[in-house]
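Enquirer: Protein chains in written order, with this note's numbering: chain A, 1 to 214; chain B, 1 to 178.
It should be emphasised that the hints constitute simulated quantities derived from the structure, not laboratory data.
Please note that a few of the clues may not be correct.
Said to hold, decoys possible - Just the calculated beta-carbon pair ranges, DEER-fashion: (1) 197(A) to 118(B): 40 to 50 Å; (2) 159(A) to 38(B): 26 to 36 Å; (3) 13(B) to 178(A): 28 to 38 Å; (4) 14(B) to 16(A): 36 to 46 Å.
We put the CB at the ideal spot given by N, CA and C, even for glycine.
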Amino acid sequence: MMDEKELQEQLKELGQRWRVPPEPPLDRMWGRIEQEAFVAAPKPVWRWTRTVLPLAATLVLGIGIGQVAPPFLRSPAARVPTTLAVEPEPFEVPVRPASSTAPFVGVATDYLARVTALLVTLAAEPSARPSVDYTTTQARDLLATTRLMMDAADPIEPRLRLLLEDLELVLAQIVQLPARPSAPDVLLIDHAVDQREVLPRLRVMLAEHTTSQP
Amino acid sequence: MDDRELIAAVLAGEREAARHLYERHAPRVYRLIYRVIGKPELAEEYTQDTFVKVFRRLAQFRGDAAFTTWLHSVAMSSVLSGMRKLRRLRARETELAEASSVAARPSSGDPHLRERLQTELERLPVRLRMPVVLHDVEGLTHREIAEMLGVPEGTSKARLSEGRARLRTALAGVAAER
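Build out the structure end to end from the sequences listed, making use of the hints.
Expert: Right, here's the structure in full:
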């Protein structure tokens, strides 16, 4: 069998004539780049308040209704015992229907929660942040999961795909953090997260995935 | 003007600076992408995707690393993302193409080592082909490859080693005949 050194020499030699690129069509390529990067109308600014505020309002309303609703309207699990019973009242555990999407939803929810936690801790005060080693390890793991999710066989919802694409870039930046990051390093990542409104989008997506879990 | 000055000018709204920055780096980006995927129309598309992303996110660039490192990592991300889309869209065509390429594969007694090496290199899965091409053909270091692909250096080394091992195994018959 060919040894390692001989193979490397062959590969190096192959590089001289293998897939020698044609002259790149710089002018033609620039046309689309300029159009999309500088000329195209900016996307409408996504207002997190439009989604988060109604969600928050719904949550508050739900809690309010729960507080004032008569006990018989509440589910058995939600009933608050007023006295200590000698024999615990038996109650039925609701049986959830099996769903083929449950594992994926679970993975997605766990992933969204972990990315959110990582970005939130990164934005925290320096003393409250985990070590850079821990952060970059987490980011590397999450980056791999991001790419696996983007590579999923089933089509992904467009909003989630856009979010994953932004997260891929943010996580790739975190992975490259030096051992002793300077304040601007972290500030620039914060800025990136803010600019793409990553955290509000993550939270909305997390809320939707959590509520859609069977 | 160096890259930093050009970037500052682009961020200040100077379109001409963007064009300069693009002209300085696009040939290398195009070449790298072409080496990995081997199709001029895709190399063109992914080079465009790369620069659109880079200019849209230029404000996020962390100035402590070389601009080329960041640019190349975005380029490889564009390639991977583009190939994922392509794989989904053309899953059936790919299966057919692979089937025909297997049928056309030269016999193990093929004496043309270079041709076989080229064929086998193109048959490697992308995750293994990338480190082999970037390291052994393009001469990049593991550190650079790791930054480009967003993986640890150890992963880059392991994939290169696996890629080389597969090539050596595939070429064993040819080498024995020489």
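Enquirer: Against this structure, judge whether each hint is valid.
Expert: Structure-based check of all given hints:
1. Our hint of 40 to 50 Å for residue 197(A) and residue 118(B) holds, since their Cβ atoms are close to 46 Å apart.
2. For residue 159(A) and residue 38(B), the hinted distance range of 26 to 36 Å is satisfied, since their beta carbons lie about 34 Å from each other.
3. Taking 28 to 38 Å as the suggested C-beta distance range, the pair residue 13(B) and residue 178(A) conforms, at roughly 30 Å.
4. The hinted range of 36 to 46 Å is satisfied by residue 14(B) and residue 16(A), whose Cβ atoms lie roughly 39 Å apart.
Hint violations for this structure: none, all hints satisfied.
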